[in-house]
Structure formats: C-alpha cells, structure tokens
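Engineer: Sequence:
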Amino acid sequence: MATSTFAPDALTADPSAIASAPRTGPKLDHALHPAGRWIFLAVLIGGLAYAGFSIAFDTAQVGESLAGGAFAFLALALLIALGFEFVNGFHDTANAVATVIYTHSMPAPLAVVWSGFFNFLGVMLSSGAVAYSIVTLLPVDLILNVGSVGGFAMIFALLLAAIVWNLATWAVGLPNSSSHALIGSILGVGLANQLIRGGGADGTSGVDMAQVWKVLSALAFSPIVGFVGALLLLLVMKRFLRDKALYEAPEGQTPPPRGIRALLIGTCTAVSFAHGSNDGQKGMGLIMLILIGCAPTAYALNRTMPESATPAFVQTAQAASAAYRAHANGAPAGVGAARAQVTQALKTKQVSDPVIYGALATLSDDVSSRIAGYGSLGKVPAAATPNLRNDMYLVLDTTKLIAADTSAQSRFTAQEITTLKSYNSGLEQGTRYIPTWVKVTVALALGLGTMVGWKRIVVTVGERIGKTHLTYGMGASAELVAASTILLAVNFGMPVSTTHILSSGVAGASVANGAGLQRRTVMNMALAWVMTLPVAMLLSGGLYWLLLTLAHSLGY
Numbered sequence: 001m002a003t004s005t006f007a008p009d010a011l012t013a014d015p016s017a018i019a020s021a022p023r024t025g026p027k028l029d030h031a032l033h034p035a036g037r038w039i040f041l042a043v044l045i046g047g048l049a050y051a052g053f054s055i056a057f058d059t060a061q062v063g064e065s066l067a068g069g070a071f072a073f074l075a076l077a078l079l080i081a082l083g084f085e086f087v088n089g090f091h092d093t094a095n096a097v098a099t100v101i102y103t104h105s106m107p108a109p110l111a112v113v114w115s116g117f118f119n120f121l122g123v124m125l126s127s128g129a130v131a132y133s134i135v136t137l138l139p140v141d142l143i144l145n146v147g148s149v150g151g152f153a154m155i156f157a158l159l160l161a162a163i164v165w166n167l168a169t170w171a172v173g174l175p176n177s178s179s180h181a182l183i184g185s186i187l188g189v190g191l192a193n194q195l196i197r198g199g200g201a202d203g204t205s206g207v208d209m210a211q212v213w214k215v216l217s218a219l220a221f222s223p224i225v226g227f228v229g230a231l232l233l234l235l236v237m238k239r240f241l242r243d244k245a246l247y248e249a250p251e252g253q254t255p256p257p258r259g260i261r262a263l264l265i266g267t268c269t270a271v272s273f274a275h276g277s278n279d280g281q282k283g284m285g286l287i288m289l290i291l292i293g294c295a296p297t298a299y300a301l302n303r304t305m306p307e308s309a310t311p312a313f314v315q316t317a318q319a320a321s322a323a324y325r326a327h328a329n330g331a332p333a334g335v336g337a338a339r340a341q342v343t344q345a346l347k348t349k350q351v352s353d354p355v356i357y358g359a360l361a362t363l364s365d366d367v368s369s370r371i372a373g374y375g376s377l378g379k380v381p382a383a384a385t386p387n388l389r390n391d392m393y394l395v396l397d398t399t400k401l402i403a404a405d406t407s408a409q410s411r412f413t414a415q416e417i418t419t420l421k422s423y424n425s426g427l428e429q430g431t432r433y434i435p436t437w438v439k440v441t442v443a444l445a446l447g448l449g450t451m452v453g454w455k456r457i458v459v460t461v462g463e464r465i466g467k468t469h470l471t472y473g474m475g476a477s478a479e480l481v482a483a484s485t486i487l488l489a490v491n492f493g494m495p496v497s498t499t500h501i502l503s504s505g506v507a508g509a510s511v512a513n514g515a516g517l518q519r520r521t522v523m524n525m526a527l528a529w530v531m532t533l534p535v536a537m538l539l540s541g542g543l544y545w546l547l548l549t550l551a552h553s554l555g556y
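Note that the working numbering has the sequence shown beginning at 1, numbered continuously upward.
Any given hint might turn out to be false.
[Unchecked claim] List time: in silico DSSO-like cross-link candidates among lysine-lysine, alpha-carbon distance up to 30 Å:
id, residue 1, residue 2
1, 347, 400
2, 347, 214
3, 214, 421
4, 379, 421
5, 349, 421
[Claimed, not checked] Computed beta-carbon distance windows for the label pairs:
id, residue 1, residue 2, range
6, 63, 259, 55 to 63 Å
7, 44, 551, 29 to 37 Å
8, 127, 39, 27 to 35 Å
9, 546, 217, 29 to 37 Å
10, 405, 195, 26 to 34 Å
11, 39, 195, 44 to 52 Å
12, 171, 196, 30 to 38 Å
Note that these hints are calculated values from the structure, not bench results.
Glycine included, each C-beta is placed from N, C-alpha and C at the ideal position.
All chains should be modelled from the sequences, with the hints used to inform the complete structure.
Structural biologist: Okay, structure coming up:
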C-alpha cells in the first residue's frame, strides 16, 4: 500500500514546496481556466447585488426607508456575515472533497465545483431550525434589543472572532470546526455582556446555559460517532464486500473502477449537501438578527405569512390563553406588568408558576387581539412592529420552557400541552423565518467559498491523519457516516461540525484498515479543537468590550 510522500510533521509546510515535491498522490495545482475567474466574479457580484436589491425592495414595501448611513452599516454587517460563510466554505468543505480527490475519483477542480453546487443546494433546501438553535444561545436582552449599540457590537464581535480563528487554523492546514468557533464566539459575547452588566445570575444578560450544554453535547458526541461509526462500517464492509480494490490504495493517477467511483462521488455529494444544510443555517440566523436590528419594520415579523393564516393563529392563541388562565392564580396582570413578570421568569427560568400563567394569558390575549385587529402580520404598522415582535418572542420562549417542564406537564392536561405546542408553532412562523434571498446569498457565499483556499485542509485530511494512503473503502465509510450523522442532526435542529465528524471518521477508518494514525497530526487537531472554545470566547468577549467602549466614547 502506497505511503504518503510527505513527512507526518510537515503540517505547516510551504504550499509551494508541497506542490513541487514528488508525489504519487493527486494533482492539486490544476490551472484555472480564465473564464472560470470571470464566472466566479460574476456570480459573486450578482449575489451581492441581489441582496442589495432585495433589501431595498423589502423596506420599500413596508414604507421603511433606510438612510445612507444605516444602509452602509447594514451592508458592512452583511458582508462580514457572508464572509464568515465564505470562509466556512473553503475551511470545512475541503473535508468533503479530500476523499474523492485522494482516491482519484474526481479531479480537484471538478470536485470543488461539484461540492460547492451541492453545498448551495443543501442551504436552499434547509428548514432554518439549526439557524435558530444558534440564535437561542445568545443573551435574551441582546436579541430583544438587537438594534441597540449592544446588539450590533454583539454581532460584529462574534462574527469577527469566528472568522479570525478560522483563518488562523486554515493558515496552518488544521481542519478546525467553524461551528465550534462560532459557538465559542457566542459564549464569549454572552459572558462578557453578563460581566459588563453585572448580571450575576441574570438569565437575560448571559447565555442560556441549558441550550449551551445541549449544543455542546451534540458537538462533543458527534466526533465519537464519526470515529466509531466509520471504524465499524469499514470492518463490516470488509466482512461482506470482498472486492479487494476497495481496500487498496490507488495506483498512480488511475481512477477507481466505475462502481467504486460512483460510490465515492455519491458519498462526497451527500457530505457536501449535509454540510450546506447544517452549516449554512448558522449564518442565516445571524443575518436575520442583523436585518431585524437595521430594518425591523421589514424583517422583525414574517410579513410573508398570508392573511388567510391569521384566523387560525388567533384561534390557537385564544385557546392557549384559556389554558393558561385556567391554571392562573388570581386575576391576570395588566399588559405592562405581565411583560415584566414574563421577562423575570425568563431570567430565572422559573416558569412553572400560576402568576406567570396569568401573565402569559394577558400577553397572549394582547398579541392575538392586535394581530386580529391588523388583519395579518403584513399589515402591522411600523411603529408597532418592534413591540409586537418582542412580546411574541417573550411568549414563545416562555411557552417552550413550560411545554418542556415536567412539573408544568403535571398541571396541564395532554390536550392543553398540545395546544401550547401548536401556539408555539404559530409564534415561530411569525417571528423566526428566513427570506428566500437570505438563503440564496448564504448559499452562494458557502458554495463560492468551497472553490477557493481548499488545498491546505485537503492535504491534511488526505495525507496526514492516517499513516498510509487513503483507500476507497476508507473514504466511503468516513463520508457515509459523516453525511448520515449531519443529516440526523439537521432533523433535530442541532448544529454539529462537519470537520470534526469527517476527520474523526477518516481516523476511525484508518484504524480499521490497520493503517494507524499520524500521532503529531492527530495531537495538533485535538489541540486546535480543545483551544477553539476558549480562544474564540476570549476573542469575541474582548472585541465586544472594545466595540462597546468605542461606541460609548463616540456618544452612542
């Protein structure tokens, strides 16, 4: 079995030296046709122009005109958010194409374009559930006041921190996780916000630790699934699929047999699609926060919901209000007092309280009557939009906690719990949505990012994890497990790391193949994974403090 032509410890080797070294591996320095550069540039400019036109159209439709300064600020924020997805594309998707490139199933230029297209498709067909799993990690008070100085400082700080760490790990060829970096950045902003505000146990100024542990457990568990799953799958393949070609290294530049080639292209396609459907959503959620902050009239509420949906929502809201009132203690509070009580309940996460039920009944009645009076979300006046959206957000998050609380479930009947969950769905449709143009621009950023800067990570995955050349069976088993795990996580709305899962899968397949692992590479990867959270937290927390200080010194 052919061994890699590169030294195991050459992790930070100069790319030009890599390109000139004698190799039996794939050719990674194909010249790009001049037309390809023009097509790339045209798609990039077209995507940005489409985003600008969509924002202008959406704001004009609701009578919200953006001043030149506000539009420039929004454009800058969107460029940074799309920049994160672009970096995510070439940083993470290189993992998907490494197997088809190193098994000579596809030439490198075709592989990255192929992967970019299916990343695009994955984003376009995604549901948005992962997007809001990421958003719910953020401090509640920053989400409710995303248009404030603190809200914008939060978005800029966490995006810039994630981009910086991604670029730093890419520069040395380490397949680090963009998801990990983004979540670390969110935690850093949340903790910094809590310290700056002196929040202590204030749940609205810091991060939601219950959601944090839920997300971190998925990030921690998924690489284990990748390693063990790929190891076991390759052993099963060896037991039942006796074709020796599957378990031998490619000879020279010869492509694999047709059937094996189709299998590997299929697994690369699945990983690319899964990556787009999961990772693409993370940028969507942050872009929606930017839009809500800069153009709340157009984006704080889902104005695309048809007017015909209003009666059903109002009926569900009234049924939920009746369920809350049936378990309330005393007369419901007024709207102002109810809002304060629900906000306090979110701070402490103590929602199983008859007083809170009464407050939720009051807020739900107020929300349903206002929407019924307007006729639809699309007709809500500009001045009423932020207040209505915040009330819907408060009721939504509190109702979610109640529906999941065991003590609350013992008080409410099964029918009432079903009503509350149906009410939640209506509130989510009204406040948590992704416009088509946001999906398109994120998909383009991720897809175009796939086509540049991929070589460093590809070399690491293809040559420096296992001690021997990647075989067809190793590549197929690692990618099958990775794609299945990511798509399963998408189904549950959980963000996971394509990088962690696939790199772990390659390591597991290498062990199953008897190849062994290159200790230095594995240790460097593990070190990068362990360092990502604290480094991203420090970067984002420091940037958040710096931006707030700068804004306050300028009188904002």
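Engineer: Each hint: holds or not?
Structural biologist: Hint check results:
no.	hint	result
1	347 - 400	holds, 14 Å
2	347 - 214	holds, 18 Å
3	214 - 421	holds, 20 Å
4	379 - 421	holds, 25 Å
5	349 - 421	holds, 18 Å
6	63 - 259: 55 to 63 Å	holds, 60 Å
7	44 - 551: 29 to 37 Å	holds, 31 Å
8	127 - 39: 27 to 35 Å	holds, 30 Å
9	546 - 217: 29 to 37 Å	holds, 32 Å
10	405 - 195: 26 to 34 Å	holds, 29 Å
11	39 - 195: 44 to 52 Å	holds, 48 Å
12	171 - 196: 30 to 38 Å	holds, 32 Å
The structure fails none of the hints (numbered hints given earlier).
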